[in-house]
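Start from the sequences and build out the full structure, keeping to the hints where you can.
These are the residues of each chain, in order.
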Amino acid sequence: MAYKFRRQIFGFMDLLRFKRMVPVRENKLAEAPATPLPLTYRVNETAKILHPGLQTAELVAVEDVAADMKTYTFRLSKKMIFRAGQYVTVGHNVGESFVSRPYAVSSSPFTALRKGELSVTVKKAGFFSGWLYENAKPGDSFTIGDPSGFFFYDGVRDRSDIVGIAGGSGITPFVCMARAIAEGSENFNLTLLYGARTQADLAFKAELDRLAGNNFKVVYILSDENKPGYENGFITAEIIKKYAPESYSVMLCGPQAMYDFADKQLAQLGVGGKYVRKEANCLGNRDVKPEKYNLTVHIRDEVFKVAADSRETLLAAMERAGLKVPSKCRAGGCGYCHSRLIDGKFSIAGGDKRRLADSKFGYIHPCCTYPDSDMEIEVPQGE
Amino acid sequence: MDRYDAVVIGAGNGGLVAAIRLLQGGAKVLLVEKHNLPGGFATSFRRGRFEFEASLHELNDFGPEGNGGDVRDLFDSLGVTDKIEWVPIPDAYRVIIRRENLDALMPFGKQAFIDKMERYVPGSRQSVERFFELGEQIRAAQAYTNSRNGAVDSSVMVREYGNYVRTGSYSVNEVLASLRMPQRARDIINAYWCYLGAHCDDLSFTHYVSMVIRYITRGAMMPKMRSHEISLAMCERIRELGGDIWFNTEAAKILTGNDGGVEGVVLKGGRQIKTRHVIANCSPHVVYGKMMDGVPEKIVRATNARKFAGRGFSMFLGLNKSADELGIENHNYFLYDTSDSVKQYELMKNIDTNRVQATVCLNRADPGCSPDGTAIMYFTTLYMSDCWGDVRPEDYARTKEKVANIMIDRFERDTGSKIRDSIEEISVATPMTYAHYCGHPEGGIYGYESQYWDGLNPRLQMMAHDYMTRGLRFAGGYSMRLSGYSSAYFSGDITGRQTVGDMKKEG
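Residue numbers (our numbering), protein chains in the order written: chain D, 1 to 383; chain U, 384 to 890.
A portion of the hints provided could be inaccurate.
Listed next, the in silico BS3-like pairs over lysine-lysine satisfying Cα-Cα at most 25 Å (straight line) [said to hold, decoys possible]: (1) D:Lys264 with U:Lys704; (2) U:Lys417 with D:Lys78; (3) D:Lys324 with D:Lys48; (4) D:Lys345 with U:Lys466.
Over the 12 Å line for every Cβ pair with chain D, so calculated as not near, a few chain U residues [unchecked claim]: (5) Gln407; (6) Arg429; (7) Asn450; (8) Asp459; (9) Ser460; (10) Met489; (11) Phe491; (12) Ile497; (13) Glu512; (14) Ser561; (15) Asp584; (16) Asn687; (17) Asn703; (18) Asp723; (19) Gly822.
No wet-lab data here; the hints were simulated from the structure.
We put the CB at the ideal spot given by N, CA and C, even for glycine.
This is the structure:
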């Protein structure tokens, strides 16, 4: 005979209890207080400080820091904190288009949190950085994006001694780290090897010298100048060995040529794999035969036809046409511009960093995708 | 252009299924999602050479072809099963409670499970067999309830599904005690409790047993390309059926008319969409708390009565050695301090005392999920209070790191495998992360807790009562099926079909 469950001595009591579940719950729902429901919650408010989203910010100061390099300081409209080494996008209208670019933050995390200010330090190099250099002035309004990227120290993964290798404007995340170590928002030891062409190209030298102490050391390596107090040449295995502690993780930020050179040096030292991390660089134009293509863009229920060029990313084509589309890392990795391919042929630069299912179901990252034919895509609305 | 039969707010598991059901019912549907990706928690992300699963440990009740469970049947009727490649999970679970000298690896398959239990706990066989017998009867009763959309004939219930009715009001602990299951066997069989997020004095037995027998009798599956594959498959299906999906589109307000019912949705930025039907794949706290004006007192009270379930914390590791090299033997682990779930639940209220983890090594289900010579692991716990609300922004990174270390230490100590020096990538999601991406209050990932009075049974019986605003229904972890992947899918199925019914009634 099948098993008959019984908990109460009198079995019908079990049935009675079952019947009472609904009235019991009805009462519980009816008897709860009528106090207004919360508009927000503590965790959700902290989340807003960690991920404030796109905000407007007033440029309050512009300062020359080295040849062709300026620091732009913004007054934030939203409270924010980030990890030293992260970047934000800085955006502004240029002509008919809204343009934004990712720049490593050079000011410290607590300056953002407690003073409501954030700085980026940018070298005049490309379209938007050139525009900034010539045009940006205090009082102008900009957009600042969410703190992003993974170029920061991780106490679980990394060794507590970090060797930082900076080339040119790649110094900015390390300036932030040095400041963060000094103020206590980051806790690790940084030995910074800072390479530049000449002394005049070094940014933040006075401050870095002042911050140098127990947890932070800095060495300058000039490639085109031989001066006392500076190393001369490139950041070689020999230089790294001379200044690095016994065991360490390496973080690199600079141009691709520097990464290629450093990889060989680090290989000689037997340092690689999880102990070496590089910040990604924005993808620019590709060197192919110029071809004109038509790009059809769906944003919600609107359709736009824009001109695309085989040399330019789809993102650049859309921005040029004045479309408001999402963009963040411009290196194919963050996925913020995640869009659906409807039709067309394309190439991906910088290694395919899409999710597996994105490739399967036809999604692309326009910031690293170049057209090889006319294309049709569906893109989420930009902020 | 700005008029839809129905707007689904949120492309989480519940919202995606609801949208497909609405479309299959002939409705013109707009699905809006504030994030740029579908799935809610059902997504993945890349770090270096790894692609991490964001949340799914194993999909319950899917089953292999030929022994398909209810989720497979649902996916079949949605038309998405074949869009997804599936991988089976090898074993049910390994539960380790070192302090109590408990280390049990439980297999899938009813007979194998009962036999293994008898080996670990001699004398447990009859009670475990009865557990499964009750489970099958409860499953049949649930199928009957579903076929009647909750409006059951009570005489049929008592006659045909007597054990369902007799066990229906009791907690897991109450029923297992009545089955005279030996304590050690109860400790092992209760291991899944953290998947439902309420301790076994609160947790409804019928809810728990129906989950356990579905796992054990049908096995569990994973989509090969992480849960992102399921989410994108559902999006593709929605588009095939003519639905619109707008990402980066937050619903700011739900507009109501003179009858208090739904008239439209206002998107962030001000654009208005006219509709008489909304399925909200988010919490009633958020909908009634900030998306609607003039909410009746009865609804405010009913919403205030609910208790937030666990707030999520997950650590994702990309390891530069293989699972074999690291000595990680199993796919999923439950590591507890105590088998007393009530005591354990108390310890989970505090960041410093919570050491529970449900841990997965994905390579044990799919060896090719990461490059040769590497492994992917993820570790999840729940906080049973708003303790992360005390963490200041300036202490946030440090607190994350502290919990990450707690998790690594426990895993190494309990399993003997050494992983710390092999961490190539790490990512940590906290209640703040979940609050950011999904907007849930306090960073909850489990909806409303399955309290003694607010369990699956009364919720299912009270679907009509809980439908309090004309045109507004809820899907996802906060709704009638409670939390978890399969539950969220079913909630979307139920609520989507109910809304199609609402539309037909309106004519």
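For this session: Sort out which numbered hints this structure fails and list those numbers smallest first.
Result: 6, 13, 14, 16, 17 and 19
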